[in-house]
Every structure is written in structure tokens, then in C-alpha cells.
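K.L.:
Using the sequences provided together with the hints, build the complete structure.
Using the UniProt record's numbering, count along the sequence shown one by one with no gaps and you end on 172.
Capping the alpha-carbon separation at 30 Å, the derived lysine-lysine pairs in DSS-like fashion look like this:
id, residue 1, residue 2
1, LYS25, LYS4
2, LYS86, LYS136
3, LYS4, LYS35
Hints listed in this document are in silico derivations from the structure and should not be mistaken for laboratory results.
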Amino acid sequence: MNKKEYIESKIRDIANFPKEGIIFKDITPLLLDPKAVGYVVDLLAGHLEGQRIDKVVGMESRGFFFGMLLAQRLGAGFIPVRKKGKLPFTTLSQTYDLEYGQDVLEIHTDAINKGERILIHDDILATGGTAEAVVKLVERLGGEIVQLDFLIELSFLKGRERLKGYPVYSIL
Numbered sequence: 001m002n003k004k005e006y007i008e009s010k011i012r013d014i015a016n017f018p019k020e021g022i023i024f025k026d027i028t029p030l031l032l033d034p035k036a037v038g039y040v041v042d043l044l045a046g047h048l049e050g051q052r053i054d055k056v057v058g059m060e061s062r063g064f065f066f067g068m069l070l071a072q073r074l075g076a077g078f079i080p081v082r083k084k085g086k087l088p089f090t091t092l093s094q095t096y097d098l099e100y101g102q103d104v105l106e107i108h109t110d111a112i113n114k115g116e117r118i119l120i121h122d123d124i125l126a127t128g129g130t131a132e133a134v135v136k137l138v139e140r141l142g143g144e145i146v147q148l149d150f151l152i153e154l155s156f157l158k159g160r161e162r163l164k165g166y167p168v169y170s171i172l
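P.N.:
Here it is in C-alpha cells:
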């Protein structure tokens, strides 16, 4: 079994969560397995070999798990992007559309210096709305997006189309 197959074997599908008709990709079994976690970090970091990354931006909340490990492996700082009202310092906000309504993401205004090379990470790329909002935040602060990476891409939801013009990498 190769690394990708091993990682995939540690992700379970939960039917009808958080609502009817959704199949939730549960990564908690993967998080329980240090070997699988190591494989994820190896594959994500390996895909960036030779690239300088100054900061890794992780999206709330499951983007924090591997985003932080990836930042440490790459020798980069880590930036949490959170839902409105969760960050304690001065923030920049970005509204984005949900299936039913809107939500807001925030980043600290001092998190990125103009010209810094940024990797954006989350666990799943679905419709791309959250990732697109984070791209806007990073660019408004002057960051240069090197890549967006994901553990899983639900390609049938066409999230990659919202991120045209940016390199996107997903393990599964």
C-alpha cells in the first residue's frame, strides 16, 4: 500500500452528517495514526520542494491540524484564519457565500507582510468558497500566494474552478 492509499484508508465516510444527503469525510481516524499524519505532511511538503514559503495560512478549523505541522516542516510561520469574532487583535474581514446565507472569515492585520510567499492549507476543497475568501484576505494584506493545498478534493463540487489562476494541490 503506497502513502496515498494508506492515508485514504484512514478516512471514513459518515452518511447524512451534518445534514441529510451529505457524506462527511471524517479525518479523525487519520489523526489518531502517527504514520498516516507523517505521510500527509511528507506529501504536502514534498510537493513544495525548492519553493520558499514564508507563512502557512490554515483555515478554521480543520486546516489548523496539518497547516501547523506543515509550517513547522517548512520553517514557516503559521497564520490562523478564523470565523468572525474569534481573533483577539485588529482584523481584516472577508464575507463569503454559504449554501444558505453568508459567513465571515478574519485574519490579523499584522499577519502578512507585503511580498511574503504564502501557502494556504485546508483539509477539504469542496465548492471553493472558503478558499476563495482566504485568497482575498491574503492578497489584501499583500501576500503572494504560492499554492493552495488540501488533503482531499471533492472534484464533483468544482471548487478548483473558483481558484483559477492559482496552483492547487490535493493529496486525494
